[in-house]
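S.K.: Top line first, the protein sequences correspond to chains A and B. Numbering-wise (the working numbering), the first sequence opens with residue 1 and increments by one. Numbering-wise (the working numbering), the second sequence opens with residue 1 and increments by one.
If you're looking for bench data, these hints aren't it; they were derived computationally from the structure. What you are looking at is a predicted structure, and each value in this text was computed from that prediction instead of being measured. It is possible that some hints are incorrect.
[As the list claims (entries may be wrong)] Per the computed footprint, the stretches of chain A lying under chain B, defined by three or more beta-carbons under 8 Å from a beta-carbon of chain B, are:
#1 18-24
#2 41-49
#3 61-75
#4 95-105
[Said to hold, decoys possible] Capping the alpha-carbon separation at 25 Å, the derived lysine-lysine pairs in DSS-like fashion look like this:
#5 110/A / 376/B
#6 110/A / 458/B
#7 358/B / 8/A
#8 376/B / 131/A
#9 9/B / 116/A
#10 198/A / 154/A
#11 458/B / 198/A
#12 91/B / 131/A
#13 131/A / 9/B
#14 14/B / 131/A
#15 361/B / 131/A
#16 14/B / 12/A
#17 12/A / 78/A
#18 78/A / 376/B
Here a beta-carbon is modelled for each residue, glycine too, at the ideal position from N, C-alpha and C.
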Amino acid sequence: MVRIHQLKHNFKSTHLTYPEWEVPQGGQAVILGNSGSGKTTLLHLIGGLLQCTSGEIVIGGERISEFGSAELDSFRGKNIGIVFQQAHLVRSLSVAENLQLAQYLAGSGKDSAKIKEVLHELDIFEIRDRKIYQISQGQAQRVSIARAVIHAPKLLLADEPTASLDDENCERVLSLLKRQALKTESTLIIATHDQRVKAKFNDYLSL
Amino acid sequence: MNLLLLSIKNVLAKPLSSLLSIILFGFGVSIIVSIFLVGSFLKSEITRNAQGIDLVVGAKGSPLQIILANIFHIDFPTGNISLNDANELSKNRLIASAIPLSLGDSHKGYRIIGTTLEYPELYNAELASGAWFEKNMAAAVGSKVAEALGIELGDQLTSAHGLSEGGEGHEEAPFTVVGLMKSTGTVLDQLILVSTGSVWEVHSSHGDEEHGSHDETEEDAHGVHDAHEEDEHDHDHDDQHNHDGHDHHDHHDHEEHDHHDHDKEVNLDRLGLTVTEEQLENESITSLLVKYRSPMAAVQLPRIVNATSNLQAAAPAYETARLFNIIGTGVDVVNILGVVIIVLSAISVFIALFNSLKERKYELAIMRSMGATRVKVFMLILFEGMLLTLFGSLLGFTLAHFGFSLLGNASEQIDTTFLYFVSEEVKVLTGSLLVGFLSSILPALMAYRTDISETLAKA
Chain A
1 MVRIHQLKHN
11 FKSTHLTYPE
21 WEVPQGGQAV
31 ILGNSGSGKT
41 TLLHLIGGLL
51 QCTSGEIVIG
61 GERISEFGSA
71 ELDSFRGKNI
81 GIVFQQAHLV
91 RSLSVAENLQ
101 LAQYLAGSGK
111 DSAKIKEVLH
121 ELDIFEIRDR
131 KIYQISQGQA
141 QRVSIARAVI
151 HAPKLLLADE
161 PTASLDDENC
171 ERVLSLLKRQ
181 ALKTESTLII
191 ATHDQRVKAK
201 FNDYLSL
Chain B
1 MNLLLLSIKN
11 VLAKPLSSLL
21 SIILFGFGVS
31 IIVSIFLVGS
41 FLKSEITRNA
51 QGIDLVVGAK
61 GSPLQIILAN
71 IFHIDFPTGN
81 ISLNDANELS
91 KNRLIASAIP
101 LSLGDSHKGY
111 RIIGTTLEYP
121 ELYNAELASG
131 AWFEKNMAAA
141 VGSKVAEALG
151 IELGDQLTSA
161 HGLSEGGEGH
171 EEAPFTVVGL
181 MKSTGTVLDQ
191 LILVSTGSVW
201 EVHSSHGDEE
211 HGSHDETEED
221 AHGVHDAHEE
231 DEHDHDHDDQ
241 HNHDGHDHHD
251 HHDHEEHDHH
261 DHDKEVNLDR
271 LGLTVTEEQL
281 ENESITSLLV
291 KYRSPMAAVQ
301 LPRIVNATSN
311 LQAAAPAYET
321 ARLFNIIGTG
331 VDVVNILGVV
341 IIVLSAISVF
351 IALFNSLKER
361 KYELAIMRSM
371 GATRVKVFML
381 ILFEGMLLTL
391 FGSLLGFTLA
401 HFGFSLLGNA
411 SEQIDTTFLY
421 FVSEEVKVLT
431 GSLLVGFLSS
441 ILPALMAYRT
451 DISETLAKA
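Generate coordinates for the entire structure from the input sequences, incorporating the hints supplied.
M.R.: Structure follows, in structure tokens:
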């Protein structure tokens, strides 16, 4: 499903070279490394947020390392969902509207039933009409997960989703991510320096 | 959800900052639109009221005052001219037609104009009911006058000396309303038209009048008619031959004349008047509305008129252009003020977008990560800026039109409505949207160039 081959990325004085790596369809893996090791960069490369200097990235048979910027935008919108460390929801919109926006940007069309379903699954249905400033951090993170999975992406990426969470919440978020990935048959890759995460996954890449 | 909806929500999410931009823009636009509205309205009013009048001949004085008094009926006349002078002038071959006007009296603040049927014809006026005012002491009333005073056919109107309310009355010589005019959208609507002879008669004594066979004139009518304010007058209507205060002509003493020598009628066909010889010699009118026979007249006639000691020529086109020149400087200053406010509001739109962009850069980067193209985030910011300026413009247009309609309510002389539009408004709208575009293009470009990965890596 996800394969990187002779992947290199240079910016300014930093030169990153990544090992060969592959995650099968539906697989769940962790990119492990300390800050500065290039794990976020790798996640951005795989997520199509960044274009690599050389090498190859293949996702679901598509060689995205060859894509132009507009092609990447559209591929990303359709096939990839990303959960960031900070939720960064659109503040002028309500919870439900944030999910509608995600559907619109992914180009998947409006699907209220799907939104309702995801809201229920992530236990945020009750707060669907609240503005972003009216919900808690934990709720915001669940909304951001909902936003990433609303269009059932083939690949679900998460960047340090547990960094600022206590053990209990860390556990909850990880199981949520895993469950959502299984449900939509998405491949899940989490970039983290958090050893608690590593323990939950068999497949990992250490940087 | 779509970009437009999202941009509306973004604008609404910052109500105060958005309101500031909208209000600023609105004020700038309303100032400029108001100037266009009033300017265009005045010009069309002037053109409509000055139609068919190439030259106004009145007594010596300010030409602008002659125009204002005799065409727009808003200023006081400069004085009177003698019927004889007017008659002599009207025979000039450069003149196609000449309409005599006699001003100086009013009824409840509405001006009574002594004239001929040519005058309403000039404005293509039609009667709503009744007849025209050929008969002596008969009046045809303009639509606004009739409406405001509730005048009906057969009513008696007392004329008062002077052009403002409260003048000394001529109670013993009331006019009878014989006609009501349809609305013409011109100054005619605010006038009461009577025959020239009637005005003379009102100012003469009425004790020994014999109403009857004479149409327009009275055998004994030789009273004064001074268009100036009533101050110098002291009408004593018991005195049969009162002509004090007549400052234009040296009257010979009527008492010594045998009236019947002057009873012979003369046709002043160029003026459309039939008068007695005595009247021709002694009476006066306020002005002549002249239409040229050829363009040549525009050059020659004013010179001929001004060479006559008592006459002054005033060309409406020239005088109104002069008037606009005088007020033009003030208008320019106000216009500059409007532009300055619009520029300020453009800066406020820019700052509002710029600030919100700083706050929202992660949001925008994440939207990009969710599949939004560069063009989409560019459009989003552009929409937000354009929305602010569009609403600002709409506010401005509403304010301007509202103010303009109030102007009409405030004064009976002007008839303005909320829905009066001028072609310049399209330019103002286009211009203001362009300003909105320019002030949002830079923030939009910044959004366009956001580096998603870099922004999100810092998050």
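S.K.: Now, for every hint given, state plainly whether the structure supports it.
M.R.: For each hint, the structure was consulted:
For the region 18-24 of chain A, the assignment as covered by chain B is violated, since 0 residues bring a beta-carbon within under 8 Å of that chain's beta-carbons and 3 are needed. Closer than 8 Å: that is the beta-carbon criterion, and the region 41-49 of chain A has 4 residues meeting it against chain B, so the requirement of 3 holds. A count of 4 residues in the region 61-75 of chain A with a Cβ less than 8 Å from any Cβ of chain B is obtained; the coverage claim is therefore met, three being the minimum. Only when three residues or more bring their CB closer than 8 Å to a CB of chain B does the claim for the region 95-105 of chain A stand; here the count is 7, and the claim holds.
Among the hinted pairs, residue 110/A with residue 376/B is consistent with the structure: their alpha-carbon atoms are about 18 Å apart, no more than 25 Å. For the hint pairing residue 110/A with residue 458/B, the CA-to-CA distance comes to about 32 Å; that exceeds 25 Å, so the pair is violated. Our distance criterion of 25 Å between C-alpha atoms is broken by residue 358/B and residue 8/A, whose separation comes to about 31 Å. Between residue 376/B and residue 131/A the CA atoms are separated by roughly 23 Å; this keeps the pair inside 25 Å, and the hint holds.
For the proposed pair residue 9/B and residue 116/A, the alpha carbon gap of about 22 Å is at most 25 Å, so the pair holds. Note on residue 198/A and residue 154/A: the hinted pairing holds, with a Cα-Cα distance of about 22 Å set against a maximum of 25 Å. Pair hint residue 458/B plus residue 198/A holds up; C-alpha atoms about 23 Å apart against a cutoff of 25 Å. A hinted pair counts as satisfied when its Cα atoms are at most 25 Å apart, and residue 91/B with residue 131/A does not qualify at roughly 86 Å.
In summary, the hint linking residue 131/A to residue 9/B is supported, as the alpha carbons are separated by about 12 Å, within the 25 Å threshold. Between the alpha carbons of residue 14/B and residue 131/A the distance comes to roughly 13 Å, so the proposed pair stays at or under 25 Å and holds. Simply put, residue 361/B and residue 131/A have alpha-carbon atoms about 19 Å apart, close enough for the 25 Å limit, and the pair holds. Simply put, residue 14/B and residue 12/A have alpha-carbon atoms about 38 Å apart, too far for the 25 Å limit, and the pair is violated.
At roughly 31 Å between alpha-carbon atoms, residue 12/A and residue 78/A are farther apart than 25 Å, so this suggested pair is violated. Our distance criterion of 25 Å between C-alpha atoms is met by residue 78/A and residue 376/B, whose separation comes to about 16 Å.
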